[in-house]
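Q: Okay, here's what each chain looks like letter by letter:
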Amino acid sequence: MVGIQKFGGYIPRLRLSRKAIVDAHAWANPALKAQAKSERAICNWDEDPVTMAVEAARDCLGQNSRGDIAALYFASTSAPFDDRQNAGIIAEALNVGGQAAALDVSGSLRAGTSALIAAAGAVALDHKPALVVSAEQRRTAAASPLELSSGDGSAAVLLGPDDGAARLLAQHSAAVDFVDHYRGHGREFDYVWEERWIRDEGYLKIVPAAVKALLEKAGVAPAAIKHFCFPCTLPRVADTIAQRLGIPSTSLRDQLAAGCGDTGSSHALVMLVHALEDAAPGDLILVVGFGQGCDVLLFQATDAIRDHARPSGISRSLARGKIESNYQKYLAFNDLVKIEKGMRAEVDRQTPLSMLYRKRDMLLGLVGGRCRICGTMQFPKSRICVNPNCNAFHSQDDQSFADFPARVLSWSADYLTYSPDPPAYYGMVQFDPGGRLMADFTDVDRGAVEVGMDMRMVFRVKERDAQRGFVRYFWKAAPAGAPAVAKSEA
Amino acid sequence: MASGIRDKVAIQGMGCSRFGERWDADAEDLIVEAYEEALGDAGIETKQIEAAWFATAIEEQHVGKSGVPLAVALRLPYIPVTRVENYCASGSEAFRGATYAVASGACDIALALGCEKLKDTGYGGLPQRSRGALNSMYWANVSAPGSFAQLAAAYRAKHGMEAGDLKRAMAHISVKSHDNGSRNPKAHLKNKISMEQVLNAAMVAEPLGLYDCCGVSDGAACAIVTTPEIARGLGKRDLISVKALQLAVSNGVEAQHNSWDGSYFATTRIAAKRAYHEAGVDDPRKEIDLVEAHDCFSVTELVTMEDLAISPEGGAPRDVMDGFFDAEGTIPCQIDGGLKCFGHPIGASGLRMIYEVYLQMQGRAGPRQRRKEAARGLVHNLGGFPHQNVCSIAIVGRHGA
Numbered sequence: 001m002v003g004i005q006k007f008g009g010y011i012p013r014l015r016l017s018r019k020a021i022v023d024a025h026a027w028a029n030p031a032l033k034a035q036a037k038s039e040r041a042i043c044n045w046d047e048d049p050v051t052m053a054v055e056a057a058r059d060c061l062g063q064n065s066r067g068d069i070a071a072l073y074f075a076s077t078s079a080p081f082d083d084r085q086n087a088g089i090i091a092e093a094l095n096v097g098g099q100a101a102a103l104d105v106s107g108s109l110r111a112g113t114s115a116l117i118a119a120a121g122a123v124a125l126d127h128k129p130a131l132v133v134s135a136e137q138r139r140t141a142a143a144s145p146l147e148l149s150s151g152d153g154s155a156a157v158l159l160g161p162d163d164g165a166a167r168l169l170a171q172h173s174a175a176v177d178f179v180d181h182y183r184g185h186g187r188e189f190d191y192v193w194e195e196r197w198i199r200d201e202g203y204l205k206i207v208p209a210a211v212k213a214l215l216e217k218a219g220v221a222p223a224a225i226k227h228f229c230f231p232c233t234l235p236r237v238a239d240t241i242a243q244r245l246g247i248p249s250t251s252l253r254d255q256l257a258a259g260c261g262d263t264g265s266s267h268a269l270v271m272l273v274h275a276l277e278d279a280a281p282g283d284l285i286l287v288v289g290f291g292q293g294c295d296v297l298l299f300q301a302t303d304a305i306r307d308h309a310r311p312s313g314i315s316r317s318l319a320r321g322k323i324e325s326n327y328q329k330y331l332a333f334n335d336l337v338k339i340e341k342g343m344r345a346e347v348d349r350q351t352p353l354s355m356l357y358r359k360r361d362m363l364l365g366l367v368g369g370r371c372r373i374c375g376t377m378q379f380p381k382s383r384i385c386v387n388p389n390c391n392a393f394h395s396q397d398d399q400s401f402a403d404f405p406a407r408v409l410s411w412s413a414d415y416l417t418y419s420p421d422p423p424a425y426y427g428m429v430q431f432d433p434g435g436r437l438m439a440d441f442t443d444v445d446r447g448a449v450e451v452g453m454d455m456r457m458v459f460r461v462k463e464r465d466a467q468r469g470f471v472r473y474f475w476k477a478a479p480a481g482a483p484a485v486a487k488s489e490a
Numbered sequence: 001m002a003s004g005i006r007d008k009v010a011i012q013g014m015g016c017s018r019f020g021e022r023w024d025a026d027a028e029d030l031i032v033e034a035y036e037e038a039l040g041d042a043g044i045e046t047k048q049i050e051a052a053w054f055a056t057a058i059e060e061q062h063v064g065k066s067g068v069p070l071a072v073a074l075r076l077p078y079i080p081v082t083r084v085e086n087y088c089a090s091g092s093e094a095f096r097g098a099t100y101a102v103a104s105g106a107c108d109i110a111l112a113l114g115c116e117k118l119k120d121t122g123y124g125g126l127p128q129r130s131r132g133a134l135n136s137m138y139w140a141n142v143s144a145p146g147s148f149a150q151l152a153a154a155y156r157a158k159h160g161m162e163a164g165d166l167k168r169a170m171a172h173i174s175v176k177s178h179d180n181g182s183r184n185p186k187a188h189l190k191n192k193i194s195m196e197q198v199l200n201a202a203m204v205a206e207p208l209g210l211y212d213c214c215g216v217s218d219g220a221a222c223a224i225v226t227t228p229e230i231a232r233g234l235g236k237r238d239l240i241s242v243k244a245l246q247l248a249v250s251n252g253v254e255a256q257h258n259s260w261d262g263s264y265f266a267t268t269r270i271a272a273k274r275a276y277h278e279a280g281v282d283d284p285r286k287e288i289d290l291v292e293a294h295d296c297f298s299v300t301e302l303v304t305m306e307d308l309a310i311s312p313e314g315g316a317p318r319d320v321m322d323g324f325f326d327a328e329g330t331i332p333c334q335i336d337g338g339l340k341c342f343g344h345p346i347g348a349s350g351l352r353m354i355y356e357v358y359l360q361m362q363g364r365a366g367p368r369q370r371r372k373e374a375a376r377g378l379v380h381n382l383g384g385f386p387h388q389n390v391c392s393i394a395i396v397g398r399h400g401a
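So the sequence lines, in the order shown, correspond to chains C and X.
The opening position of the first sequence corresponds to residue 1 in the working numbering, with each subsequent residue numbered one higher.
The opening position of the second sequence corresponds to residue 1 in the working numbering, with each subsequent residue numbered one higher.
Calculated from the structure, these hints are not laboratory results.
Backbone N, C-alpha and C fix where the C-beta goes; we use that ideal spot for every residue, glycine too.
A few of these clues could be false.
Claimed, not checked - Once the Cα atoms are required to be at most 20 Å apart in a straight line, the calculated EDC-like pairs of lysine to aspartate or glutamate come out as:
#1 Lys286/X x Glu373/X
#2 Lys205/C x Glu195/C
#3 Lys372/X x Asp238/X
#4 Lys329/C x Asp454/C
#5 Lys119/X x Glu463/C
#6 Lys359/C x Asp397/C
#7 Lys338/C x Asp432/C
#8 Lys158/X x Glu450/C
#9 Lys158/X x Asp432/C
#10 Lys47/X x Glu60/X
#11 Lys65/X x Asp7/X
#12 Lys158/X x Asp454/C
Said to hold, decoys possible - Partial list, derived from the structure: chain X residues whose beta carbon lies under 8 Å from chain C:
#13 Tyr123
#14 Met137
#15 Ala140
#16 Met203
With the rest of the complex left out, here is chain X (with noise of 0.2 Å):
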């Protein structure tokens, strides 16, 4: 059996654009900007990476094809450069592939950017796009939110729940979530909303109403990962490693067969069982502190709180309603704002949950800075439809634990 990526690959400095409508801002501007924090935070010069990785979701939109537009906007002196898209997972897959490259010893420093520059649409929400040829005739005419909200149709169906419990819980981890980002400078979103103004405002896809769902931004993000040997002969101290890095992509079981009955991800369930595996986690409850979950809505946050074994199963509402997620809690869920606030620019978001548990984990996350220390968190980063998609969860914490 492999022996997995535990601790074999360290976090050598992140960086983060700001995120939101970046009116002012290319691509190339955003990229550049997260990147020069995360040099940086290295302490390192751009000729020592070795390869990297360049995730966008919705290129046509900004930068086009290729692994060239990371390549110019950083003037790369001519090394490895690998595009990768895996729905709003992206940013997760840049950060495998520059991990796995510097695990195997095919290089000692990598770098992984997500980025994605999408308010040049000219209307809000995601871009309106082609599905692929032969998906585009039969697929329904699903959007982000309306294949989304089918989770609270069929999670109440499954646990016999009134509409209105379930909205109340939805509500209550946007308030939650708005809370978080007021606190955060670099948030999208940074204002706090009432449960009322959740549960009146405008529909969107029923029952997700505006405050269930997160914003489109602008943003870019980045980690440059080298050996922990490496690290610290470079002059880091308290290490934060990768302690796992899994990925479980939906075969159409979900789409066509009917053993799964829409109410919890598939995908994030075994890829979570194997990232506990990989880390070493017994119980996620005791075990981890921190949760940066794929909130693309509320209810997705939900149902993964129980997918991620966190929650019993029916009981992520009670979990949520009790306060147990929020920035106080046991287990603090989008301390940041999570997409729902800090903003969703989908290449980069994988990244931007990892860049916020490395700053909790070095107590440099200033006014949301978590008080209790925190050891382990986890990231779960999420692409495509309940029904058929894209999980990734990493598991961060620190060397050694």
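Extracted from the complex, chain C is given alone in its bound form (with noise of 0.2 Å):
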């Protein structure tokens, strides 16, 4: 028996209006014009699918609730790393690492869906938690169809060895390589094949007869589903294929275009955990995930997703949106476009790998010291207790500051020093439990900052070593208020 437990999310904050993508191309091609509709979820210069996939664990998991997670799964097509475990960097962050199993899961569209599968399959066997994450920023070639129809954001679920929240009634997986489109070693972008061909030979085929499988295999009726998740970007398809399928209309879910967009390989997920957001007791959640393939999972909700925490991150950070209408600004955080970053950008941001791991704890896990003597919290953790009247030796025990609310206690808006979004927002945040961290912010407003205004930490890009390929990460303040959606400050 295994049944989701908890389940969080994240989008990121950035919403670019696809009005800004579509007039900026509209010189070459007009008929874009269609697709001006609403924003889509871009990641902030110093977010990844690491960093949001750290978010929506975060939303998952809740504090205190670590200790148990037997293996984590990261699933994304657009992972920062070929080589250097992306979900053991997630691990670290979450201060999982060196206890649970992580695996990548990759190569395909269908790799949130398949990591769920194989979850929950280790579930079955080990009897111990799961923790299944994706995220997806996919890299988009200016003007292309994609670039419009797809959004970056991460969904999380954790897994476990009893019913939970939602019970995993079924599951069925057909690999058949059907190549709508690839994205060969090494390449920036995706090769995309002709829409109607991938509608009527791809969609329209596979995704009924894996369906169709996996109804039989739980022997449950078709319109007795409540949620159907199935993430498609081309139109009628997903109707078309719940009207053949007698799956009622109703039970098609948001594909999030307005807000959000597709999220990849996430995307499935996404849609899963907002399906459960709104599910009751007993409702049937189809989840379809759809690339050189077909995975599909049946869960149905318990009693037990009345207490689950909701609405979960998904929800709400579609809710927290702001509006970027400057298409420049997402094609430089995106490194889409060359551009002058000035001599003190130019300074070697070379790691030092052996103290990178030395120090993973308070790198990656924002893991600081708490004095057994004297109680007092610092960071970072240090030989001899910051506390004057303290000063004891070896004192301190390992505490991390990730979760402690934080306040500004003095900051400044920072326009020489190299930033790729300036101002450079940061200051000294002190957290409420004590401590403090000279910090750089993200996500903040411009003339937004206030001494005294309370902040949340984020794990985020660092740098980035433009010249090694390597990404840096370390913990940032942000706003810690959920803020409407804002308008743009162009």
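Assembling the complex is the task here: the two chains are given apart, and the hints tell you how they should meet.
A: Below, the structure is given as structure tokens:
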């Protein structure tokens, strides 16, 4: 028996106006105008699939419930490292490094659902909880349809060896080398075949067969499906499939095109988590992942879904977007345009890997110290307690600061220092339980920072070493409040 | 209890190069320019110098490491030469080394020389460099203006001050320093500016605009020190001697412990208290005649006046606006233009400040000479960031005063 114990998600705060994209390309491709609707989610310059996954996982797990995770599955086709386990970075950031197994799942837009199926198998075997996190930040060519339809986002599901909030009734998977698109090794962008063929030969044949097989396996009537999570950006495909299978059209879940966009290998899980937010006990939830074959999973919400904290991060992050109407900024953030960064950006950013390993708790897990003599919290941890009235030697126990609420003590907005998004905001933040950190700020609005402002710590890209292709992560302070959709400051 | 440095060491001679964008000069040229003046002032020869301290902070941009570049530039006769670095307080550190060597009796005549050649970086402002391997992985993306600017946010929060009022007090400081710098032939910036220019200047790090920030300059300054007895023997009259030399270095409390509120310099307050004790100063507002403060940013100068206990806490903006620190005020601050306009070649700055006090006390400061005679001058030299720094305070004055 396997069930979803907890679920969560994260959509980055920035929402790029599709009109801004379309307007930029109108000179060459006026036909894109039809897609100038709403906004798509985009990563801030310091976000990537790993950082989004950490946020989704934190949203899923809440505080103080990490100890029993036996395995972490990370699904993405856009993970920052080809060889350095991305799931391992996430595990360290969640402070489960060294305890849990970890696996990166990639290679297809089915990666999210395939990771879910693999994890379910492991949980059934080991009877231990497994965390499945998916995140996607697809790199798309300027003026491509994918640029408009895609969105960046992440979802997380904690599976456990009991029913939890939603019991897994059945799963089915079929690999078919149907190459609707591909991205060769070392290539930046996807190469996409004709939509009509993808629809007729791909979706309309492969998906119904897989769903039918699953429903037969589970002994569930199509008409009983309450939530049908089927990511597909092609028009009318989802309706046609539902109709052909006898699944109620009312069960079709929102594709989240508005405000988010298709999050690629993460989208099935994003839609699943979004459905779980709405699900009532007994609801049947069907999840489909399409990509060189098809994965199908069927869940049934239990009574325990009532007790789950809702809404999860998907709805909450959807509600707190900030509209960005500057397309150039998106190009710059994603290194899609050669931009003058100034000489200050030229410093060597080599990361000493031996030091990173030695300090991984501090740098990836934001683990500081708590003095067992005087109780003083401090970051970073040190051999001698910082409290001038204590100064005890070797007295500090590990203390994670990641979930400590913080407040701004002092700050500035710096136009001199190099930042991919000037000005660089940073300042001293003071943690409510004690301790402080001169921290970079992220996701702040110009003119909105004040002394005393509530902040929360978030795992972000500190710097990218373009010379060597390394990404350096650390924690930053972000406004803790959840402001409603804010207008772009252009 | 230690008896301290008061009146144990006299300044035999000082020199200072012209500061500024010295496109014409290498570090070696600047070193020799300052040294020749000091040697002439001291009335000695190189062979009489028994030990030297050399201050550079950003040596990778010019001379490289060690004491060798100074020894080579001046052809010092195989004497001990020590290179010191302590952020922007490096110049004071060299002075401390030389002064302590003489006070200890280890040598009779010692040299302190500081130099920085910064204008070979290709861009304005201080060079962007590593902060140390681990620091680079977790420190915020701080620049000097961005860290010092935070004083303003914390100061306003503490004293409930309107942004505009603080900005105007800061602007007055910069207008005053430009005014002073205009009378200093060696200054980097000699232009007078108006309040409007300061208030409307481009933002560097909120709330610090362009004119709230000091210049980044090339330059060198040096001091030759000896005992008062030897100085008299060498023909010196009206000796200027060292009254106090104190250094306070942050130990992580401001950066890590919630006892500091971000609005002042913990180090300056401690160093000032110790320096006043060492110099026998009871009431600095009455007993200090001149101040050279580390005005890297206007807001630094403002809060420092409180940290030095010259202005009461929360009272510096009023003193500033009243002209208390103007050239004609009660205690002129940066009568030479300060870091703001004389310039800030890091390793040279502490020595440049002592140089100005030394000139003023001898009536040799030319068009910027203060009419009222000065008995004691205070030199405040700071390095690092408000939350983690090195503060040096030197008091020099008339021998016996």
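Q: Give a verdict on every hint.
A: Tested hints:
Taking the CA atoms of lysine 286/X and glutamate 373/X, the gap is about 14 Å. The hint holds against a cut of 20 Å. For the given pair, lysine 205/C sits about 14 Å from glutamate 195/C by alpha-carbon distance, which is consistent with the 20 Å threshold. Straight-line distance between C-alpha atoms of lysine 372/X and aspartate 238/X comes to about 17 Å, which keeps the hinted pair within the 20 Å bound. Restraint check: the Cα-Cα separation between lysine 329/C and aspartate 454/C comes to about 27 Å, which exceeds 20 Å; the hinted pair is violated.
Only pairs whose Cα atoms come within 20 Å are accepted, and lysine 119/X paired with glutamate 463/C is rejected, the gap being roughly 27 Å. The suggested pairing of lysine 359/C with aspartate 397/C holds, with an alpha-carbon distance near 15 Å, which does not exceed 20 Å. Taking the CA atoms of lysine 338/C and aspartate 432/C, the gap is about 42 Å. The hint is violated against a cut of 20 Å. The straight-line distance between the Cα atoms of lysine 158/X and glutamate 450/C is roughly 13 Å, inside the 20 Å bound, and the hint therefore holds.
Only pairs whose Cα atoms come within 20 Å are accepted, and lysine 158/X paired with aspartate 432/C is accepted, the gap being roughly 19 Å. Taken as a hint, the lysine 47/X and glutamate 60/X pair is broken in the structure, with Cα atoms around 29 Å apart against an allowance of 20 Å. Distance restraint check for lysine 65/X and aspartate 7/X: the Cα-Cα separation of roughly 33 Å exceeds the 20 Å cut-off, and the hinted pair is therefore not satisfied. Between lysine 158/X and aspartate 454/C the alpha-carbon distance is near 18 Å, which keeps this suggested pair within the 20 Å criterion.
For tyrosine 123/X, the interface hint holds, the least distance from its beta-carbon to any beta-carbon of chain C being 5 Å, beneath 8 Å. Because the smallest distance between the Cβ of methionine 137/X and any Cβ of chain C comes to about 6 Å, under 8 Å, the interface hint for this residue holds. With 8 Å as the threshold, the beta carbon of alanine 140/X comes within range of chain C, its nearest partner Cβ sitting at about 4 Å, so the hint holds. Taking 8 Å as the C-beta contact cut-off toward chain C, the hint placing methionine 203/X at the interface holds, the least distance being around 6 Å.
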